[in-house]
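My request is simple: use the sequences and hints to build the entire structure.
Each chain is listed here by its residues.
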Amino acid sequence: MHYKGSGNGASPLGLKAAAAAVLFFLHGPVWIILLYAFTTDEATFSFPPPGLTIKWFGIASQRNDFWEALALSLRVAATATTTAMALGTLAAAAVYRSRFFGREAISFLLILPLALPGIVTGIALRSAISLANIPFSLWTIVVGHATFCVVVVYNNVLARFRRMGSSQIEASMDLGANVFQTFRHIVLPHLATALLAGGMLAFALSFDEVIVTTFTSGQQSTLPIWIFTQLTRPRDRPVTNVVALYVIGITFIPILLAHRLTMEREETA
Amino acid sequence: MSILDTKPVSVSKSSSYPALAPSSSQRVSTYIYQRPWLIMILLLGLPLFWMIVIYLGSLATLLLNSFYYLDSFTGLIVRQFTLRTYANLMTRANLDIVLRTAGMASAVTLSTAMLAFPLAYYMARYASKRIKGFLYLAVLLPLWSSYLVRVYAWKLILAKEGILSWFILQTHLDWLLNALLSAPGIGGPSLSVSAIGIYIVFVYVWLPYMILPIEAALERVPKSLLEASGDLGARPGQTFRRIVLPLAFPGVVAGSIFTFSLTLGDFIVPSALGNSSFFIGQAVLSHQGTSGNLPLAAAFTVVPMAIMVLYLIGAKKLGAFDAL
Amino acid sequence: MNDPAIPAVQFSEVSRHFGDVRAVDGVSVEILDGEFFTMLGPSGSGKTTCLRLIAGFERPTAGRILLHGKEVTNLPPYERDVNTVFQDYALFPHMTVGDNIAYALMIKKVPKTVRARRVEEMLELVRLSGLAGRRPAQLSGGQRQRVALARALINQPRVLLLDEPLGALDLKLRQQMQIELKAIQQRVGITFIYVTHDQEEALTMSDRMAVFNLGKIEQIGSPSQIYEHPATPFVAGFVGVSNLINGPAAEAITGSPATFSIRPEKIHIIARGAGVPEGMHAVKGQIRDVIYLGLYTRYLVEIEGGLDLVVVEQNLKTTSADLLTARGKPVCLYWNREHVRRVMEA
Numbered sequence: 013m014h015y016k017g018s019g020n021g022a023s024p025l026g027l028k029a030a031a032a033a034v035l036f037f038l039h040g041p042v043w044i045i046l047l048y049a050f051t052t053d054e055a056t057f058s059f060p061p062p063g064l065t066i067k068w069f070g071i072a073s074q075r076n077d078f079w080e081a082l083a084l085s086l087r088v089a090a091t092a093t094t095t096a097m098a099l100g101t102l103a104a105a106a107v108y109r110s111r112f113f114g115r116e117a118i119s120f121l122l123i124l125p126l127a128l129p130g131i132v133t134g135i136a137l138r139s140a141i142s143l144a145n146i147p148f149s150l151w152t153i154v155v156g157h158a159t160f161c162v163v164v165v166y167n168n169v170l171a172r173f174r175r176m177g178s179s180q181i182e183a184s185m186d187l188g189a190n191v192f193q194t195f196r197h198i199v200l201p202h203l204a205t206a207l208l209a210g211g212m213l214a215f216a217l218s219f220d221e222v223i224v225t226t227f228t229s230g231q232q233s234t235l236p237i238w239i240f241t242q243l244t245r246p247r248d249r250p251v252t253n254v255v256a257l258y259v260i261g262i263t264f265i266p267i268l269l270a271h272r273l274t275m276e277r278e279e280t281a
Numbered sequence: 026m027s028i029l030d031t032k033p034v035s036v037s038k039s040s041s042y043p044a045l046a047p048s049s050s051q052r053v054s055t056y057i058y059q060r061p062w063l064i065m066i067l068l069l070g071l072p073l074f075w076m077i078v079i080y081l082g083s084l085a086t087l088l089l090n091s092f093y094y095l096d097s098f099t100g101l102i103v104r105q106f107t108l109r110t111y112a113n114l115m116t117r118a119n120l121d122i123v124l125r126t127a128g129m130a131s132a133v134t135l136s137t138a139m140l141a142f143p144l145a146y147y148m149a150r151y152a153s154k155r156i157k158g159f160l161y162l163a164v165l166l167p168l169w170s171s172y173l174v175r176v177y178a179w180k181l182i183l184a185k186e187g188i189l190s191w192f193i194l195q196t197h198l199d200w201l202l203n204a205l206l207s208a209p210g211i212g213g214p215s216l217s218v219s220a221i222g223i224y225i226v227f228v229y230v231w232l233p234y235m236i237l238p239i240e241a242a243l244e245r246v247p248k249s250l251l252e253a254s255g256d257l258g259a260r261p262g263q264t265f266r267r268i269v270l271p272l273a274f275p276g277v278v279a280g281s282i283f284t285f286s287l288t289l290g291d292f293i294v295p296s297a298l299g300n301s302s303f304f305i306g307q308a309v310l311s312h313q314g315t316s317g318n319l320p321l322a323a324a325f326t327v328v329p330m331a332i333m334v335l336y337l338i339g340a341k342k343l344g345a346f347d348a349l
Numbered sequence: 109m110n111d112p113a114i115p116a117v118q119f120s121e122v123s124r125h126f127g128d129v130r131a132v133d134g135v136s137v138e139i140l141d142g143e144f145f146t147m148l149g150p151s152g153s154g155k156t157t158c159l160r161l162i163a164g165f166e167r168p169t170a171g172r173i174l175l176h177g178k179e180v181t182n183l184p185p186y187e188r189d190v191n192t193v194f195q196d197y198a199l200f201p202h203m204t205v206g207d208n209i210a211y212a213l214m215i216k217k218v219p220k221t222v223r224a225r226r227v228e229e230m231l232e233l234v235r236l237s238g239l240a241g242r243r244p245a246q247l248s249g250g251q252r253q254r255v256a257l258a259r260a261l262i263n264q265p266r267v268l269l270l271d272e273p274l275g276a277l278d279l280k281l282r283q284q285m286q287i288e289l290k291a292i293q294q295r296v297g298i299t300f301i302y303v304t305h306d307q308e309e310a311l312t313m314s315d316r317m318a319v320f321n322l323g324k325i326e327q328i329g330s331p332s333q334i335y336e337h338p339a340t341p342f343v344a345g346f347v348g349v350s351n352l353i354n355g356p357a358a359e360a361i362t363g364s365p366a367t368f369s370i371r372p373e374k375i376h377i378i379a380r381g382a383g384v385p386e387g388m389h390a391v392k393g394q395i396r397d398v399i400y401l402g403l404y405t406r407y408l409v410e411i412e413g414g415l416d417l418v419v420v421e422q423n424l425k426t427t428s429a430d431l432l433t434a435r436g437k438p439v440c441l442y443w444n445r446e447h448v449r450r451v452m453e454a
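Protein chains in written order, with our numbering: chain A, 13 to 281; chain B, 26 to 349; chain C, 109 to 454.
Treat each hint with caution, since some may be false.
Straight-line distance between alpha carbons at most 27 angstroms, and here's what the computed DSSO-like set of lysine-lysine pairs gives [said to hold, decoys possible]:
#1 B:K185 to A:K67
#2 B:K185 to A:K28
#3 C:K392 to C:K374
#4 B:K185 to B:K248
#5 B:K248 to B:K154
#6 A:K28 to B:K342
#7 A:K28 to B:K248
These are computed hints drawn from the structure, not numbers from a lab.
Given the structure is predicted, the values throughout are model-derived calculations rather than measurements.
This is how it looks when you write it as structure tokens:
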């Protein structure tokens with residue numbers, strides 16, 4: 013084989029084209045929404061759009077149900093993320109501290125909510141909630157979300173723990189700091205960016221989730237549920253386009269930030 | 026200048042900074058420190074309680090519910106052990122749902138594997154470090170961004186009057202489209218309300234789940250193996266078939282776990298783009314909703330769980346978990 | 109304040125087991141106040157575990173540990189008046205050098221102005237003045253090592269523990285630091301407990317040393333005691349090179365089959381036939397190998413009876429050219445009877 017270019021060998025043009033096509037397939041569709049957010053057409057998705065307008069942005073911002081759904085989504089995501097951060101850090105600390113047999117079992121247990129289809133988690137929680145006669149509310153939604161968000165924080169924090177090494181904790185205690193002081197001055201700063209990154213991923217995960225939410229909510233609508241119900245309503249299509257655009261933005265930013273945080277840390281390690 | 030030349034440092038023999046008298050937090054800290062088992066309980070207690078009681082407990086009630094049945098006269102769930110709900114599952118109509126869903130899952134899995142390969146191969150073999158990092162981000166971004174919005178995007182694209190139709194008209198391929206749409210079972214009034222549409226969207230949303238494991242598996246293939254193969258006389262195509270493909274297979278199996286499992290349980294895509302022929306997810310949703318038939322919904326849910334357990338066992342035998 | 113009669117550290121039948129592994133097996137030792145005490149041994153011999161037991165990072169499975177007469181066996185590290193310099197320095201990467209050094213004072217809530225002054229004093233002691241604002245990542249290995257030292261000393265502990273602190277440094281730097289550490293210890297006057305596997309380092313720096321093997325201490329003594337009078341074959345072999353002669357070969361030389369050791373530098377090597385002085389132990393042999401090491405030459409001589417002896421001679425007169433012809437030469441080895449050490453078989 014002849015090697016040129018990057019030293020890995022020149023890739024066949026066909027491969028490059030195929031790879032590019034797949035990449036386009038992955039990202040192209042979302043841009044279509046951007047286009048449709050400006051269409052003047054009210055009822056259909058006709059292409060090319062008959063005209064362009066920005067009035068839908070204004071109309072969307074006056075829709076109360078949209079704002080309520082958005083507010084609920086934000087509250088759920090914030091609460092679930094905080095819970096997941098606490099639980100995930102505790103679990104990661106426990107697993108890091110000891111070389112006990114349960115380590116793999118814990119990792120498996122934590123990833124189960126994400127590994128099993130959402131419908132399983134959803135209906136399992138629903139049957140448990142109705143069995144216990146608990147009313148559906150913000151809190152039932154939060155419980156569902158926190159359950160599958162824990163593992164995201166856990167993985168990030170555990171990876172960071174492993175990069176820390178135990179000698180720093182010992183050094184801190186050797187110099188006179190007790191367990192709590194060591195956590196505050198040494199451990200927490202170390203975990204900070206990993207915790208943040210995990211938290212942001214958890215936030216994005218929670219904000220976007222619809223399957224488990226459908227089962228664990230009563231009358232409440234989070235934003236994804238709102239979008240889902242709009243999927244079949246012709247009159248609301250343009251507004252839905254705008255809302256979809258907002259959602260992309262809101263979930264895009266935390267993901268990018270989380271990525272930056274974990275990348276940066278690895279370079280300075 | 027050696028250390029012995031520096032001026033003396035005032036270091037008294039006794040410590041001028043005696044430790045503060047132990048505060049209460051210090052006493053607690055020592056108490057915990059001397060009992061490592063206590064530390065574990067404090068750390069693991071809450072997460073374990075949550076996962077075991079809340080999550081595993083819910084799964085248990087789900088399983089339990091599948092052994093109850095709904096009395097159609099009273100509309101109440103009878104909490105007695107019975108298998109009649111599972112028998113109900115075996116009726117023609119319900120079996121159709123299961124088979125339809127499994128069939129879709131298989132088709133989606135095969136297609137995502139084929140589509141994922143070129144990109145994964147490029148990333149693993151040819152991409153420079155910078156480009157690989159960029160491509161990773163490019164694949165991860167759709168994975169983490171809104172799933173519902175991405176489904177919605179296809180509703181726009183596939184609409185009868187939408188961009189894809191316009192494109193097909195422009196390229197005079199509408200006869201092909203109509204032929205597809207009139208096909209029994211998979212066709213429909215328009216792409217956005219048909220099994221074909223569902224299939225396309227499933228492939229689209231699960232594609233990243235297939236790309237990443239395959240890329241990881243391909244990256245593990247040492248370049249020396251490929252060079253050795255070429256050295257021994259194999260043409261690139263043969264090397265690909267006989268060396269690359271078998272070694273990438275665990276990655277394919279790992280990715281297929283996701284695509285299969287996710288398709289089996291999904292109700293969003295079929296609801297958004299389907300008609301009245303249900304998939305498992307929709308069946309579950311409808312049974313537990315208005316009719317309150319939780320046992321049947323539970324039984325339906327057990328099906329994908331059972332399929333996945335069997336699938337996971339088979340996948341483990343095929344070595345898929347090394348690729349994760 | 110410090111009663112010199114009370115040892116700084118006392119181990120009383122201390123054991124540390126990890127399951128079946130006996131990392132430390134019934135060790136008893138007294139380390140005196142103000143001395144530079146080295147714990148020497150190969151990897152896995154228990155020396156580092158003993159250090160960690162003193163610091164409080166491990167708890168003994170059995171036995172008692174006392175610091176200046178006070179029992180500390182179950183106390184956590186932050187309640188012991190002991191500080192450690194770690195092998196990997198364990199500097200806190202998110203803090204500056206100054207904050208690292210001041211950490212112990214910060215925990216004790218010492219006022220900021222006093223902290224700053226003390227940090228300056230410490231930096232001067234380890235010759236890193238002016239670097240308080242840097243981050244550990246910006247320092248060289250040798251500089252980080254000194255920051256670790258300063259951080260541990262600022263607390264004015266009565267005992268300083270050093271866990272192979274010079275292992276990562278190159279030879280020249282290591283030798284320089286050995287001198288500096290020793291000087292600092294004498295200036296500051298506290299007890300240093302030093303762990304190393306480098307016997308040359310131990311011999312250079314210690315007032316007294318303990319040789320560890322398989323979780324037990326085989327010998328405690330001053331460097332010259334250990335070197336000149338090794339108590340066991342292990343010590344004889346680990347500290348310096350030693351020749352062990354036993355059985356019939358021993359009997360032929362000394363008249364008794366008991367095992368003895370003789371250091372390579374104590375053996376004289378002369379041509380066969382040249383006269384051996386009166387009263388020396390002597391044996392005939394043939395040079396098997398010669399290694400020229402600049403300062404001295406190392407000979408491997410096969411003696412009657414088949415044993416190989418290592419002989420070391422300073423290159424006072426010989427040059428490397430002379431040595432090229434040495435291989436195969438028949439020679440006679442002799443040494444002073446007083447330099448022979450009886451060795452207990454293990």
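Original post:
Given the hinted pair K248 of chain B and K154 of chain B, is their alpha-carbon gap at most 27 angstroms?
Top reply: The hint holds at about 16 angstroms.
Original post:
Given the proposed pairing of K28 of chain A with K248 of chain B, does the C-alpha separation stay at or below 27 angstroms?
Top reply: Within the cut-off at roughly 19 angstroms; holds.
Subject >> Given pair status - K374 of chain C, K392 of chain C, alpha carbons within 27 angstroms >> reply: Distance ~16 angstroms between K392 of chain C and K374 of chain C Cα, so the pair holds.
Subject >> Proposed proximity, K67 of chain A with K185 of chain B (alpha carbon, max 27 angstroms) >> reply: The given pair, whose Cα atoms are some 25 angstroms apart, holds under the 27 angstroms limit.
Original post:
Quick one, are K185 of chain B and K248 of chain B close enough, alpha carbons at most 27 angstroms?
Top reply: Since the Cα atoms of K185 of chain B and K248 of chain B sit roughly 48 angstroms apart, the hinted pair is violated (cutoff 27 angstroms).
**OP:** For the pair we were handed, K28 of chain A and K342 of chain B, check the Cα-Cα distance against 27 angstroms.
**Re:** Cα-Cα ~34 angstroms, so violated.
**OP:** Starting from K185 of chain B, check that the Cα of K28 of chain A is at most 27 angstroms away, please.
**Re:** violated (32 angstroms)
Going through the hint list in order, the structure does not satisfy hints 2, 4 and 6.
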